[in-house]
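There are 2 protein chains.
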Amino acid sequence: MTNQYVPTFETLLSREDIIRRIIENWPVKRQEEEVLVEDALGRIPVLDICSQLTLPVARASSRDGVAVASSRFAQGMPDTSGWVQGVDFERADTGDDFSDTYDAVITIEDVELSGEGKLSIHEGVNVAPGCNVRLAGSTVREGEMLAKAGLPLRPRDLAGLQMGGITRVTVWKNPVVAFIPSGSELIALGTPLSRGKNIDTNSLLMRETLKEMGATPLCLPIVRDDGQEMADALNRAMPQADIIVMGGGSSKGEEDYTATLLHQQGKVLCHGAQAVPGKPLCAAIIAGKPVINLPGPFMAAYHGLEWCINGLVSHYLNRPARKRQTIEAALTKPLLGSDMVSMLVNMEVVQRRDGKGYLATPCSIRETPMSRSIMANGQYMTKLNQDIPAGGLIEVELLRGLEFIPVEEDKNL
Amino acid sequence: MTNQYVPTFETLLSREDIIRRIIENWPVKRQEEEVLVEDALGRIPVLDICSQLTLPVARASSRDGVAVASSRFAQGMPDTSGWVQGVDFERADTGDDFSDTYDAVITIEDVELSGEGKLSIHEGVNVAPGCNVRLAGSTVREGEMLAKAGLPLRPRDLAGLQMGGITRVTVWKNPVVAFIPSGSELIALGTPLSRGKNIDTNSLLMRETLKEMGATPLCLPIVRDDGQEMADALNRAMPQADIIVMGGGSSKGEEDYTATLLHQQGKVLCHGAQAVPGKPLCAAIIAGKPVINLPGPFMAAYHGLEWCINGLVSHYLNRPARKRQTIEAALTKPLLGSDMVSMLVNMEVVQRRDGKGYLATPCSIRETPMSRSIMANGQYMTKLNQDIPAGGLIEVELLRGLEFIPVEEDKNL
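Chains as they are written, first to last, in this note's numbering: chain A, 1 to 413; chain B, 1001 to 1413.
For the record, the hints were derived by calculation from the structure and aren't laboratory data.
Note that CB positions come from ideal geometry on N, CA and C, so glycine has one too.
Do not rely on the hints blindly, as some may be mistaken.
What the hints assert, rightly or not - Subject to a maximum C-alpha distance of 16 Å in a straight line, what follows is the list of computed EDC-like cross-link-like pairs (lysine to aspartate or glutamate): (1) Lys173(A) with Glu33(A); (2) Lys1323(B) with Glu38(A); (3) Lys1173(B) with Glu1348(B); (4) Lys1211(B) with Glu38(A).
Unchecked claim - Far from chain A, by Cβ distances over 12 Å, these chain B residues were calculated: (5) Glu1032; (6) Gly1288; (7) Glu1409.
With these hints in hand, go ahead and build the complete structure from the sequences.
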């Protein structure tokens, strides 16, 4: 088993180079699909979408009030004591249509209207043609753009589309991303633990993160470290997915079946990334589809998801890669980079006591990886050869909303 | 119909005061529920959750390599020519358990291992007790905190919980928020349009936004401007929901049945907010539940959702109100505030051509509300009496991810 082929590169590739290399070699087959507007949240329209309607259909009142003919006010305030509701005026609230006899609206605050329908108008009220009247099409006009190709649909966009009479939209189909966890040491959740065994938690990490990215996850069963089993699993996954992720078995020991398998089946584009944790990432194109071997350890898999899978899913969806919210924070201790790799560092971010800005502390490597992962509300990817002193400012990616950043004091509670 | 009760206040209340007043009068009945970890994304744990497991169960290799007894290296490099695999050493890859005979791991890069199981070790390799061995519990330890009460669960948290042997979590139940669209002018999507009619699009806006906020939406049928119909709809909604939102009918014209209804049925806390669009918002507590009357116009309803309903849903979930991502941007034209109200201004944000910061342009009020809503990738709420000159810096809330902010040139394409 020691004579297996292990693709190697003279130097590790940067994350950007790996993504570029995969995309250049990937004859991506995007598909379109038509979905109901009410199911289209977050989906990305293939083409610009324009209104099919004009609203309001006719001019309408823009205030709660009474509709009148402005011509009767041309010579100053008329005597309204003999006016009859429905003949000389009518009630018209915001958005209401009214008879074409009228062309202006006086707001309800400017009149007194008796229970018997007698109208008196406050002194000094000015009634010009069209006053307090909104024009036909003042909400939306036929042909007006309601959604732009390439921009994910927000709740307000969906409502806008409905306003324009649109019931279905053509969007990019979400890529199906298969995940195959591998490793003879892996057991499914609920199986009794024993020495040398490890619970497969990457499947859930993958599934939930892929959904956030706009992909449809296809989580497949655990396969053992066995070349044939893995080949079979890959062959079953290929026709079902647009992108295939194999977990584990990516480093260079005896059980590195995956890299060998990828080499046998397609074109390996890299085996090794300037990205720690997760350096042994291996990427190939097999039958026109990207097959990525993500390392098994939790944070390594997470890191690969964040940069590699995120990049590929976004490319399939024809959109820029999803970026996390960032804030600028001052480091509370020095951050030492490496000349070989960029490191993902979990960060604890707090708001300064004086409210002026944020502080970021790298999570202690003395903690367990799980503890670091839970404590972190931010993350930072170091650049090559980048040493930053304490107090240096970095752009931290936030892993929770701004509203959850504690203030500095809270840390000592 | 003009003699209806309309609650009025001497002055409009600020958004903060309204939220505070509702919360003070709301005997909120939060409920807990138990959900599977795999279904718990975004849910908020009621209590801290700690690991029930220790992983790895036993110390394990931290590298791909061979496990050996370090004592045999105490006097320098031993002669390994006679060593037998399985007796004098064994293969142990990252995460692997190995026999208790061994206490150290030599990395695969530092040895040559023949197909026949003969081991030779590179010169100069140092083998100390415990080297390349990770301790039991180095991934996660029993009792270690895996999720903190009050913090929404992220994909990495779910995986962490599974790692600690947790399969179910107790979280706050999502509040059910009922939405009752009202207005005789409203028609459901798909109904033929005619003069004076308007398509109900707020139901979809509500439904999708409420889901984003962590609420369970209950969208009810349109009711006409008829006091009895609205009372019936409210009575049907009350037992089904934790928060009730009635849409439309909130301003002061003839058809203001809603405010009257809220007054008849419970305690009205405000009718009028320093918030434009959406000023006529009316809030009451009826049978211990908040009933909010949001104005009908699209942006007014949107604005009320953003500050009022968001605040109430967050309070129910025992979390701080959701904040949107913000960026600092320079205004391209002056922004004039008001001394009476705070205004929600739709913004178009672009990245400066030189890459140094962002520019924000208020969407032109000459555009239709739909067009402004679609164009906007940001929003800003003015403060009372706040006039900001062109070039002034404001914190813009982003309505799309950072990756979608175009660069300045793109605007002229």
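Does the structure break any of the earlier hints, and which numbers would those be?
Failing hints, ascending: 2, 3.
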